[in-house]
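Here is how the chains run, residue by residue.
Number of protein chains: 2
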Amino acid sequence: MSDTSKPVIGIIGGTGDLGSGLAKGWAAAGYKVVIGSRSREKAAALAPELGAGVIGEDNVGAASAADIVVLAVPFASHDATIEEIKPAVQGKIVVDAAVPLVPPKVSTVQLPGEGSAAQIAQRLLGDGVKVVSAFHNVGAAKLHAGGRVDCDVLVFSDDKEARAAVIEIAGAVANRGVGGGVLANSAAAEALTSVLIWINRHYKVPGAGISITGLEGAAQA
Amino acid sequence: MSDTSKPVIGIIGGTGDLGSGLAKGWAAAGYKVVIGSRSREKAAALAPELGAGVIGEDNVGAASAADIVVLAVPFASHDATIEEIKPAVQGKIVVDAAVPLVPPKVSTVQLPGEGSAAQIAQRLLGDGVKVVSAFHNVGAAKLHAGGRVDCDVLVFSDDKEARAAVIEIAGAVANRGVGGGVLANSAAAEALTSVLIWINRHYKVPGAGISITGLEGAAQA
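Taken in order, these protein sequences are the chains called A and B. Quick note: full-length UniProt numbering has the first sequence finishing at residue 221, numbered continuously throughout. Quick note: full-length UniProt numbering has the second sequence finishing at residue 221, numbered continuously throughout.
Watch out, some of these pointers could steer you wrong.
When chains are identical, the list treats them as one kind, so a pair holds in a single copy or across two.
[Unchecked claim] Cut-off 25 Å, straight-line C-alpha distance, at most; resulting in silico cross-link-like pairs (BS3-like, lysine-lysine):
#1 K42 <-> K105
#2 K86 <-> K6
#3 K86 <-> K42
#4 K42 <-> K204
#5 K160 <-> K6
#6 K105 <-> K86
Because the hints were derived from the structure by calculation, they are not lab data. As the structure is a prediction and not an experimental result, all values here were calculated from the model.
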């Protein structure tokens with residue numbers, strides 16, 4: 001069931017592993033979710049499996065329908081997808097969850113020259129879009145298994161209100177969202193993804209994540 | 001009390017906040033610790049306050065006396081200090097704990113062009129030195145308060161045995177050491193330091209850290 005006081009969440013790359021897992025989690029938490037895909041047919045076919053009321057559209061359709069647009073596409077299609085949805089997301093919050101992995105060495109940190117995928121997104125989208133970076137370290141397998149994932153979600157943005165809005169939706173799919181500072185700090189979470197892939201392989205675990213310690217008694221913010 | 005089966009740990013920059021905190025922790029865990037400083041007198045005066053048997057030397061003296069050499073200097077003196085101790089650390093493990101903060105914006109990630117401070121250290125020290133990266137995210141205040149710090153320590157190296165040796169000494173000052181992959185992955189922990197500084201300020205906590213989730217039942221490694 002969806003709640004009209006909550007933002008509509010559009011997920012670009014919503015038929016992928018992370019995108020569909022996030023859709024499932026937000027639908028279960030009562031959000032209206034629209035998944036987008038290059039193929040509208042594919043998205044429409046998958047949508048009902050992810051929860052009651054989940055709708056499938058093409059990427060531009062999902063971006064147009066949503067209040068908060070989550071970008072969950074492989075880094076190889078990151079820039080082209082951003083150019084495609086750019087007109088539909090002006091004035092909105094765009095949450096970049098793309099990780100700049102460079103195959104085949106996905107367990108080695110190889111950040112882009114610009115610093116982070118999130119900073120590239122902000123440059124391409126322009127100042128009319130509030131770019132937030134989050135969800136890089138949430139295990140897709142755990143999302144599909146149902147229930148909230150046992151990890152924290154670091155949330156970065158140059159816009160305070162946009163950061164707060166994404167901290168709130170993060171708390172619906174993981175233990176909690178934790179603000180991590182300006183958009184440039186996204187480099188930390190993007191780099192951590194390669195570290196967590198290495199840990200999964202080395203320690204033979206399905207979905208390592210991170211938790212922030214020392215926040216007991218923290219000021220609300 | 002020190003244990004002769006354990007490696008001797010030398011701490012370059014051992015009179016600083018992080019260095020002296022680590023010295024205190026390792027001394028309490030039974031390691032023989034030699035702290036180094038630019039001023040031998042300063043190190044010798046502080047050493048007895050950090051634990052029984054802690055010795056103070058100049059930086060080269062501490063590097064010469066140790067099996068494992070920990071570099072805990074500000075990034076501004078990182079390269080010069082490495083050049084100074086280079087002859088004394090050939091064949092040894094050097095643990096780079098330096099964080100590439102760029103004042104005044106220390107809560108904004110600003111990684112060096114080479115990727116990480118640790119990769120700079122490896123290049124300067126040459127292939128005869130096993131560089132490991134660790135301890136970027138351990139709160140010095142918590143070390144000085146005594147007891148192990150409630151966080152995990154990510155440990156990066158291109159050398160498997162060196163990584164294992166540092167994972168072991170990390171477990172003496174924090175919850176545990178966790179391998180994080182190759183030295184290039186140090187970028188993640190170095191970037192995280194700025195994120196944690198931001199979190200400390202924003203949430204008004206004294207020492208945020210990280211913990212790796214999902215390691216229950218992990219293979220020993």
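Results of checking the hints against the structure:
Taking identical chains as interchangeable, the C-alpha atoms of K42 and K105 are never at most 25 Å apart, the minima being 30 Å within one chain and 46 Å between chains. Taking CA atoms no more than 25 Å apart as the test, K86 paired with K6 passes inside one copy only; the shortest distance there is 23 Å, against 59 Å between copies. For the identical chains of this complex, K86 and K42 are intra-copy neighbours only, at 22 Å inside a copy versus 59 Å across copies, given an alpha-carbon limit of 25 Å. Taking CA atoms no more than 25 Å apart as the test, K42 paired with K204 passes in neither setting, with 33 Å inside one copy and 46 Å between copies.
With identical chains, the CA atoms of K160 and K6 are at most 25 Å apart within one copy only, with a shortest distance of 19 Å there and 49 Å across copies. For the identical chains of this complex, K105 and K86 are neighbours neither inside a copy (30 Å) nor across copies (31 Å), given an alpha-carbon limit of 25 Å.
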